[in-house]
Amino acid sequence: MPDQQLLSGDEAVAHAAFDAGVALGTGYPGTPSTEILEAFSALGGRAQWAPNEKVALEVGLGAAYGAVRALVTMKHVGLNVAADPLFTAAYTGVTGALVVVSADDPGMSSSQNEQDNRRYGIAAGLPVLEPADAQEAYDLFFTAVELSERWKLPVLFRMTTRVCHAKSLVRPRGRRETPRPGHFERDIAGRVMIPSNARPAHRRLRAKLAEIAAWAEEAPLNRVEARDPALGLITDGVAYLHAAEAAPTASVLKLGLVHPLPLEKLRRFAASVERCVVVEEGDPVIADALRAAGIAVESKPEMYRFGELDVARVRRIVARDTSPEPAPPRGKPPELCPACPYHAAYAALKKLDCIVAGDIGCYSLGALQPYQAMDTCVAMGAALGVGLGLRHALPPEQARRVVSVIGDSTFVHSGITGLAEAVYNPPPTGHVVLVLDNGTTAMTGQQEHPGTGRTLDHAPTAQLSIERLAEAMGVPSVTVFDAFADPAGFERLLAERLAAPTLSVIVARRPCILAAADIRKWEKAGAERRAAQACLAQAEE
Amino acid sequence: MKVTNVVLAGLGGQGVIKASDILADAAVRAGLDVKKSEVHGMSQRGGSVTSDVRFGEKVLSPMVPRGEADFLVVLSPSEVEVARPLLAAGGVLLGPDLVPEAKLPNRKSLNVALLGALSSHLPFPPAALLAAVKAALPERLHAVNEQAFELGRAAAGGSVR
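Protein sequences appear in the order of chains A and B.
Take the first sequence: its position 345, counting from 1, is numbered 345 in the numbering used here, and each next residue is one higher.
In short: position in the second sequence from 1, add 1000, done, that's the numbering used here.
It should be emphasised that the hints constitute simulated quantities derived from the structure, not laboratory data.
Among the clues, some could well be false.
Within a straight-line C-alpha distance of at most 27 angstroms, the following computed DSS-like cross-link-like pairs (lysine-lysine) qualify [unchecked claim]:
1) B:1058 with A:332
2) B:1018 with B:1134
3) A:152 with A:265
4) A:350 with A:332
5) B:1108 with A:332
6) B:1134 with B:1103
7) A:351 with A:332
8) A:521 with B:1108
9) A:152 with A:208
10) B:1108 with B:1058
11) B:1103 with A:521
12) B:1134 with B:1108
13) A:265 with A:208
14) B:1108 with B:1018
15) B:1134 with A:521
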């Protein structure tokens, strides 16, 4: 048996997926989930980046229809993108196993909101499992696979920043299963969700959830640690560890399954202690469910809904302390790297006083000093739609200053449909879409995407061309330009396109300064591989 | 055995995360329970980065409670005052001025120099920490980093041998 290793929660999930024989891992990079697929690939698992989370979930679902074990990873806001297939996947269920990881970011270290994705499991009607640390992430992943196979349901595996990125000692079990071959069995009534099939499917789903709730009453993943009955804490995820440290003498009910809840076990626990407090990060999801079931518990005060919990905050929750907390230290905000190719683009946008509908990625930093040249930033791909809306609404002289700014990975993720909208419903003043193409998914740590021409492990594959796609979609003006090499020329180009009443796409292309050396290395390796293959093919002739 | 709380702080790109990985690995080598956590993502773009390392017989929360760091290791002058509230009363601050940049064999080795300084205070032998430094780096960087480690250790009043 392998020795214990120091692993992050993300790495632990990757090890578990490999050891459990997951046949396919797919997802879209997003902090704090990104390392799961990278580590799974490094272990030898079959891993790939999808263009976005919706596609990733659909691919994972298809694999699980094909009777294999599949893993899909994303950050919390990624599940918004994937929500459409998720809800119906709960109806169809799966044939193999499907584990969907949602990595939530309470405190927003690197996100645009701090939504609590336990609610997605409840809304979609899926079991939600939640580990507290890396060992538990490893162990619970096997439980997730077993649950998924036993009840033929996708399972939501909810992690948070301090589970994903916290390292602790893990003792892996070793590889128990290798990926099994897939097979297909026709089940039209079960998988084609037209209303006549979906109505019974919803009833089947609710019946499965009732069975899982009954199972959860006795399942060891929800455990009671009976200590002093004066204080009882009901807790989940990393909050359990903060609570165990903050109140070592308290009795604890630690939930590993947060939906469906083992209500009778919870009722007995609450009745066994004098005071019962729910200690959970984010929204009062468990506390509200318990109160709705008529179980008297205390919820944390509203002020602790914001940001992460820690030991000090749990001490305050237990002490019912709602006095103002000390202000957190104000660190230095992030900024564009000194030699970032985006500098020239932002200098021009600022100089021309553009109204910038921005997007998610490194270029979000253009909203900060010294440029402050980004006026909106909502969601992946939103630059296109929001920019178009502004163009439609504003008087012409203002409308002509609007530019949609989006990165290459984000463009592929969800900018393409926005560009279709721009071609279909062009504003009277036209529009300018600026794709800042640095040849990588820079913000999350330089992952590949369909526009780079390389797969997750940097092997060559077909390359999606942003400019040819835009031309094929009917954009009348498409230009590729290196703004960093010729800032003055870029400014002239941008001014010219803003003045024109047509739709234009400008691809400002230059590799990310942090990724450039690696990109050259991968390109060289790819060229050598292709040359060797050509040589081999010639020899066979 | 009381849990030892170390917070490392600096700016993205300075090697804060690397140093915390090395420290955590050294504690594992010393047979201790370890938890380490950091926040990265946007913070790697030149912004503030902190990483918490906790070790002892049994560690629960992965985060050092504010005001309870036994040791605060700071790599950037701009971060000293930002991070100071994390330090416990009576805790030890190891700041970037401890080892003058001119003395370092390589500007990038400040993180290892400060680990050298920290090594005189830890409940396991400095050799375990130096071994972890070497394990984390390619061999061609071993000599430079050993030199940085010793500089830091001498600055803090100790010596490896």
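Results of checking the hints against the structure:
For the hint pairing residue 1058 of chain B with residue 332 of chain A, the CA-to-CA distance comes to about 33 angstroms; that exceeds 27 angstroms, so the pair is violated. Simply put, residue 1018 of chain B and residue 1134 of chain B have alpha-carbon atoms about 12 angstroms apart, close enough for the 27 angstroms limit, and the pair holds. Among the hinted pairs, residue 152 of chain A with residue 265 of chain A is consistent with the structure: their alpha-carbon atoms are about 25 angstroms apart, no more than 27 angstroms. For the hint linking residue 350 of chain A to residue 332 of chain A, the alpha-carbon distance of about 23 angstroms falls within 27 angstroms, and the restraint holds.
Between residue 1108 of chain B and residue 332 of chain A, the direct Cα distance comes to roughly 20 angstroms. Compliance with the 27 angstroms bound is thereby established for this hinted pair. For the proposed pair residue 1134 of chain B and residue 1103 of chain B, the alpha carbon gap of about 20 angstroms is at most 27 angstroms, so the pair holds. At roughly 26 angstroms between alpha-carbon atoms, residue 351 of chain A and residue 332 of chain A fall within 27 angstroms of each other, so this suggested pair holds. With a CA separation close to 23 angstroms, the supplied pair residue 521 of chain A and residue 1108 of chain B stays within the 27 angstroms bound.
About 9 angstroms separates the Cα atoms of residue 152 of chain A and residue 208 of chain A, which keeps this hinted pair within 27 angstroms; it holds. Restraint check for residue 1108 of chain B and residue 1058 of chain B: the C-alpha separation of about 33 angstroms exceeds 27 angstroms, so the hint is violated. For a cut-off of 27 angstroms, the pair hint linking residue 1103 of chain B to residue 521 of chain A is broken: about 34 angstroms separates their Cα positions. With a CA separation close to 15 angstroms, the supplied pair residue 1134 of chain B and residue 1108 of chain B stays within the 27 angstroms bound.
Of the pairs offered as hints, the one joining residue 265 of chain A and residue 208 of chain A holds, with about 19 angstroms between alpha carbons and a cut-off of 27 angstroms not exceeded. The suggested pairing of residue 1108 of chain B with residue 1018 of chain B holds, with an alpha-carbon distance near 11 angstroms, which does not exceed 27 angstroms. A distance of roughly 26 angstroms separates the Cα atoms of residue 1134 of chain B and residue 521 of chain A; the hinted pair therefore holds under the 27 angstroms criterion.
Violation of the numbered hints given earlier is confined to hints 1, 10 and 11; the remaining hints are satisfied by the structure.
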